[in-house]
Each structure stands twice: as C-alpha cells, then as structure tokens.
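K.L.:
Going down the list, the sequences are from chains A and B.
Quick note on my numbering: the first sequence kicks off at 79 and runs consecutively.
Quick note on my numbering: the second sequence kicks off at 2 and runs consecutively.
Honestly, I wouldn't trust all of these hints.
[Stated by the list, open to error] Pulled from the structure, derived: some chain B residues nowhere near chain A, Cβ distances all over 12 Å:
hint, residue
1, P32
2, K37
3, E39
4, L46
5, R48
6, P50
7, P59
8, Q80
9, R85
10, K89
11, G91
12, R102
13, S118
14, G120
15, T125
16, E132
[To be verified] Distance condition first, Cα-Cα at most 30 Å in a straight line; then the derived BS3-like pairs of lysine-lysine:
hint, chain 1, residue 1, chain 2, residue 2
17, A, K313, B, K34
18, A, K313, B, K112
19, A, K349, A, K313
20, B, K84, A, K322
21, A, K668, A, K255
22, B, K37, A, K313
23, A, K671, A, K419
24, B, K62, B, K37
25, B, K41, A, K313
26, A, K313, A, K352
27, B, K89, A, K313
28, B, K34, B, K62
29, A, K322, B, K112
30, A, K597, A, K313
31, B, K117, B, K89
32, A, K597, A, K488
33, A, K313, B, K84
34, A, K349, A, K255
35, A, K322, B, K34
36, B, K89, B, K37
37, B, K37, A, K322
38, B, K89, B, K34
39, B, K112, B, K34
40, A, K419, A, K488
Derived from the structure by calculation, the hints contain no laboratory data.
Remember, predicted model here, so these are calculated numbers, not experimental data.
Even for Gly, the Cβ is constructed at its ideal location relative to N, Cα and C.
Letter by letter, the chains look like this.
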Amino acid sequence: MQPFSWAVSPGRLLFVTALLACVPAFAQVGLSGVWADRITEDSYERSGGPPLGDYQGIPLNDAGRMKADSHDHSEWSLPEFQCRPHPGPYQWRALGAVRISEDIDPVSRELRGYHLEYLRSMDRWIYMDGRPHPPEWAPHSWSGFSTGKWEGNMLVVTTTHLKGAYLRRNGASFSDKSTMMEYITRHGDYLLVTMIITDPVWLEEPFIQTTNYEADPHTTLSYYPCTVSEENISKEVPHFLPGKNPNLGADDIPAAGARGGSETIYPEYRKELKGLVAKVNVPSSPTKIAPAAPVADGEIHVLPVQGNVYMLVGAGGNIAASIGPDGILLVDSGRAEMSTKIQSTVLQLATAITASPAPNKCVGLHCPSNPFGWTSPGMNAIIASPAPPKPIRFIVNTSVDADHTGGNEKLSQLPADAKIVGVTFPPVGVAPGATVIAHEAILDRMTQAKAPSDALPTDTYHAASYKLSEFFNGEGIKIYHEPAAHTDGDSIVYFRYSDVIAAGDILNTESYPVIELDKGGSLNGVLDALNNILDIMIPEFRSQGGTWVIPGHGRLCDIGDVANYRNMVAIVRDRIQDMIQRGMTLAQVKAAKPTMDYDGLYGSTTGSWTTDMFVEAAYRSLSQKK
Amino acid sequence: MKYRILLAMAAGLLVGLTAFAHHSLSATYYPDKEVKLEGKILDLLLRNPHSFLQIEAPDDKGVMQRWSLEWRSSGQLGQAGIKRDTLKVGDEVTITMNPSRTPGDHRGALKTLHRKSDGFGWGTNPGETIE
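Just chain A, with the same shape it has in the complex (with noise of 0.2 Å):
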C-alpha cells in the first residue's frame, strides 16, 4: 500500500474543491415543506379543549390565576374574537400543519426571512435580515413580530409585539407585555420546536413547551372560512365574578394541582402530590421583568398608520395627523411645551410627503399628471421646486386636558418663518390660522379656566356629531361626541377613507381609563364609547388589522386590541357594580382588589392617575343615582 502524501495534486486540489462547494456557508438546515402535528404532547387538552379550571403545568401567578377563573368560554361569542386566531405561543399546540417557506433573494441568495402558515392562523414572518425589533407604540398582533437567527443547526426565534390571549383554552393567558423564545431543530423528518414564553404580568416564571412535527407532503392547509355570525342573544362581555365560576373543580383533576403555579411545572411536583416530598423547592429568585416603561426621550416620533393619517408620539397625549394636499389636521395638540417640536415636525413631514422633489413617472406627451402634458425642461424645473405645504388647517380637540389642547395656540398659527404661503383660506394676505374643532363642552371648561383666546375652540358642535364641511386630503372626516365618557366634551374622530380612528382618552393602553366625574366621566360611558368604536371597525382578517385606532396614550390599536380593552372596563366594572350591590363600602372594594388581574398592564401606584384612584371613580360613577 502505498504511503498517504499531502502532496497537492490537480486531482486532490479538484476534490477538496468539490467537497468545499457541498458545505453550506452557514449551519443553517431547510426548514421548507409542510409538517403534520401528530398531536403527541399533552392530547388530552387539544382537540376537544383543556378541562376548565385546569391550569397544572403552568406558572401562573395570582393576577394570572384571578384572570384564569374569570375565563367563561363564551367569550367566543363576542363578534370580535368569533374568529380570533390562536395567538403565536399556543399556535404550535393547535390542530393541523404548518407551511414553512424561505424566502430568498434572488439575486445575492440570502435567506431574507421564513414565511409560516398555519391552518387558522395569521401567515406569520420571522425575519431573517437583521431588522429590529419595532418600537414600543408600534401594533401588536396575535402572532407578534419574529426575528431569527441561526446557532449552530437552532433557528433562534424571538418574538415581541403579541397581543394578549390564551396559552390553554380555558382561561390561562399570557398577556402582550409578553415575549416568547422558540428554538427550532431539525432531526431528519421531524421537527422540535421549544417555546418559551416570559411575561411579567401573568406568569410567576417563564412558561416552557415542547413540540413535534413530523414532514409530511400529503398534507394540505385547507381553506378555513370563519364568518361573525350573532352567536349570542347578550350583549354583555361573558366572564365569571371572582368565586362564581361554577366550572372549577369540575373535573377529577387534584384541587392544589390544577390552580397552577410555580411549583406545578417541575417533575418533583408529582412526588409533593403524592406525599412523598413536603414541597417543591421552586427557584428563589423566579424569572421577574419588569414592564417597559412609555416612551419619554422628549422627543416626537411619527408612527405612519394609513392612507392620510401618521400617529405622533412623545407631545404628551398621541397627536393623529392628516397630512396631504389640503393641508394638516391635528387631532390634539400635546403639551404646550413640545409645540415647537410638534410644529417642526409636522411640516416637516408635510413637506417630505406633498413637496418634496419626487420622481416624473410618466415619461411622455400624454402624462395625466403633468401639468403641462410634458416632460419638458420647464416641467423638471417644477419638480425640482415644488409648492411648499400647506399649513395646518385644522386642529380637533378630542377632550379638555392639557396634553390634548396645550399645543392649540402655537399649532393653530404658522410660524413667522414659515415659508408656506399655498394657503386657499383665508384670503392671501390674511396670516393662515388653523380652525380648532371640539365640542362645546371643551371650549365651556377652557373659557372658565380663562385659557388664552388663541387656544380656544373656534368651531364648536353641541349634536351627537359633525362633520367637516368637505372632503380634507381626499376624504370626509367625522368626528362623534360622547357624552359621557373620559369627561362629558369628549370626541372620537373618524377619517372614513383611511379607516383610522382617534380615540383621544377613550382608549389608553397603558392605563386604566381617566374617568373625570367631576367634569361629567362615568365609567359605563367610556364602556358605551369603547362599543361605539367598535361598532365603526372592521377588521382586515380574522380579528386583526383593518380600522386603525390611535389611543390617547400608547400603542397604536386595532379591533383585537380595542376588544381586550372593552373587556377589561367590562369585566371590572361587573365586579365592582357586584360588589356596590352586595353593600360593600369603598374601602372594602378597594380592599377586595377588584383589578388585581390587570394591575401589571394598567395599573400604577404613583402618577397622576393610580390604580386607587380609577377603582374609587369606577366606585363613585356607579354607586351614582341614574
């Protein structure tokens, strides 16, 4: 036999090539094809749903366990989570398949993202292309927003931005301060994915679950329609008072075992109920997250919605702005303080959208757009200086407070360096004023507290609602009074073609609902306007998407979002209109924490506006004779 040589030979050099050119550049494994749930974990609680009141395995704490036992299945029949999909940390444990799909550039061959899609879920993304995470007022959806990466022969895949629902389906939730962790790998036919999910609200540490996939090319994700139908003959938001639901402990499940909990999720729990061992030693320091504060880095951020309408961050309340042809609308005008920045940036963005130099995309004699029907030199001379913006023109109050109406007197008058003159009214040679709209009650309360007359109102409205005279930025714009709601002044404003709503402090995601009984709140009224808000939406797709809602304060939301906030006024006002009718005093309410499951999303110890101090208004407004 002759001796190995390292000699290179062209026939070696040849080979190592060859072998060289088989290895992928990253460890990365194919994901694509279509894999079956052979429903092999857990198979008790699936396909026929989880015993009620069961919640082993899952660390809930008490404000998780409290939002557990209020779960009444019929929740389902509410017209806007009839066809609510699983959310994306219990997708997994769903019936049916899933279809993954690379999506490659086809030019450099870069894996860009994934593409998912489920049997009765929302197509999801991971994205794959080095992308951040999406601010903190950015939507949240059911499935969240993924990125990934590959560790070794492990898609890493982390998701924010979910909103809240349901990890079992009988109640036990995770909420949409949540973020879940899955690792994915590939072993031949089958696939594992590992979830983890964290949530600061809900669940004392993070909650882990493992799930097979087997590949399997004869399955098909078949078409699943879901229509709203009237399901249900109430009206009213089903949900159990806390020690009413008569579903717990129904079933033959161990009493301690089945309220949840830390304890429940390790193996070593099994011996504690058998006797064998006193307790289980949980980790001392369980995992805690403290929630991300709001945004407040004194700057205005611009959040683009849809059609005409950007939402504006940081002026104090959220600012919508229609910004077009016609002009700028403001619905609000933030704090006084941050007028200049608002008023920088608003025309700013005016002029990038409706004067900026813009590529001519029609070459030719016969070009619609042209004014002149060609591309002449003359017409690139217009294009290359375009008419300035136009200012604002309109500037809609949604309530009386500071942070809604304190930009109104800087905002409505253009600046002395502005270099707009565009305007069509009034008059050239008269300085352009924006027209401030709100209810009468506003301009009321502002002219008691002796607010200079350049901040008040000057088009007021006393009816159910107004509409703007004519179409603004292509579409007509309708704003509705609530009588009784945050205050008794309060709008809502619709702009019909771009399908947004400014709710002003009807809707408040990160806080319960300001209810100012002194200035005509109540609470039934902002349940009354929360449902006239979603009387108006439509959703784009199963629950999600569709009409837009910009909230006084927060996130941008849509029908799914808008429903859990229903829901949360509805189910907290029942227990404390239960509790009034029971002859409790308000300490004794307050005392009986009728809030403690929502606390970690909308509560507050300190600030202008605590968690004490809604429970005492929510108490106040309906112990008030009707």
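Following the hints, position chain B against chain A.
P.N.:
For chain B alone, kept in the frame of chain A given last:
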C-alpha cells in the same frame, strides 16, 4: 373487510370535520346536560365554522325568550341536505340542546331538532352531531 374500510373512511371524514371547531364546545356548553324547548323558528344563520338556529321559546319560568342554537357549519349542513329553505321562519319545532355554562344565557349546542308539521328531523342519525 369491506365494512372495516367503510368505517375507516367514515372515521377519517369525521376527523376532517372536527377541524372546523374553533372554540371548545364542551367548555362552552354542558355536554352532560340536556334541555328541551318547543317554539318557533326566528332565523337560520348559515355560517362557518358554525351555523346558528334561532328560535323563540319559553324558558323554565315560562317567559318567552330568543334562543341561539349552535349548529354545524353551512358546508356540513349543505352536505346533509339542509339548505336555506329547508327550515322556514315560523316553523314549529321541538329541539334538545346542551345548555350554556353561563347562567342566564339563552343559548345551547343543538342536539336534536324535530319539525311538527312534517316530521323533518336532525340529530338522531349517525354523524348528526356538532363537533
């Protein structure tokens, strides 16, 4: 052998149909309780993934109520020969249902239906269940 194949095919079909349920029926309705109602049809909402038959009938206190009865999907009912005009507003029917777990709710999962005028019925033959 022939019957085994047929049984397997039927089971396969049923498995396919169960995929239409979006919520848990046993979590919404008491599967082990049954309520009988006699009343008149108000509406039939042929929908997916479930249809709803709405009737007017007295509750256990004799007060007339509108009841919403969850039924199979429009496609499943269509395959079973139940169309838009099979049941008419005003038809007098006797139904049995699994009642809602929510106290005071006037809804249920339809188990059987019988029309008095001509004896038309649903729910007593194999496969006539909602999943």
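K.L.:
Hints first: check each against the structure and report whether it holds.
P.N.:
Now for the hints, and whether the structure bears them out:
no. : hint            : result
1   : P32             : 9 Å, violated
2   : K37             : 18 Å, holds
3   : E39             : 18 Å, holds
4   : L46             : 5 Å, violated
5   : R48             : 4 Å, violated
6   : P50             : 6 Å, violated
7   : P59             : 14 Å, holds
8   : Q80             : 15 Å, holds
9   : R85             : 14 Å, holds
10  : K89             : 19 Å, holds
11  : G91             : 19 Å, holds
12  : R102            : 6 Å, violated
13  : S118            : 26 Å, holds
14  : G120            : 28 Å, holds
15  : T125            : 23 Å, holds
16  : E132            : 9 Å, violated
17  : A:K313 x B:K34  : 24 Å, holds
18  : A:K313 x B:K112 : 24 Å, holds
19  : A:K349 x A:K313 : 46 Å, violated
20  : B:K84 x A:K322  : 41 Å, violated
21  : A:K668 x A:K255 : 25 Å, holds
22  : B:K37 x A:K313  : 24 Å, holds
23  : A:K671 x A:K419 : 41 Å, violated
24  : B:K62 x B:K37   : 14 Å, holds
25  : B:K41 x A:K313  : 22 Å, holds
26  : A:K313 x A:K352 : 45 Å, violated
27  : B:K89 x A:K313  : 26 Å, holds
28  : B:K34 x B:K62   : 18 Å, holds
29  : A:K322 x B:K112 : 28 Å, holds
30  : A:K597 x A:K313 : 28 Å, holds
31  : B:K117 x B:K89  : 13 Å, holds
32  : A:K597 x A:K488 : 26 Å, holds
33  : A:K313 x B:K84  : 28 Å, holds
34  : A:K349 x A:K255 : 34 Å, violated
35  : A:K322 x B:K34  : 20 Å, holds
36  : B:K89 x B:K37   : 20 Å, holds
37  : B:K37 x A:K322  : 26 Å, holds
38  : B:K89 x B:K34   : 28 Å, holds
39  : B:K112 x B:K34  : 11 Å, holds
40  : A:K419 x A:K488 : 11 Å, holds
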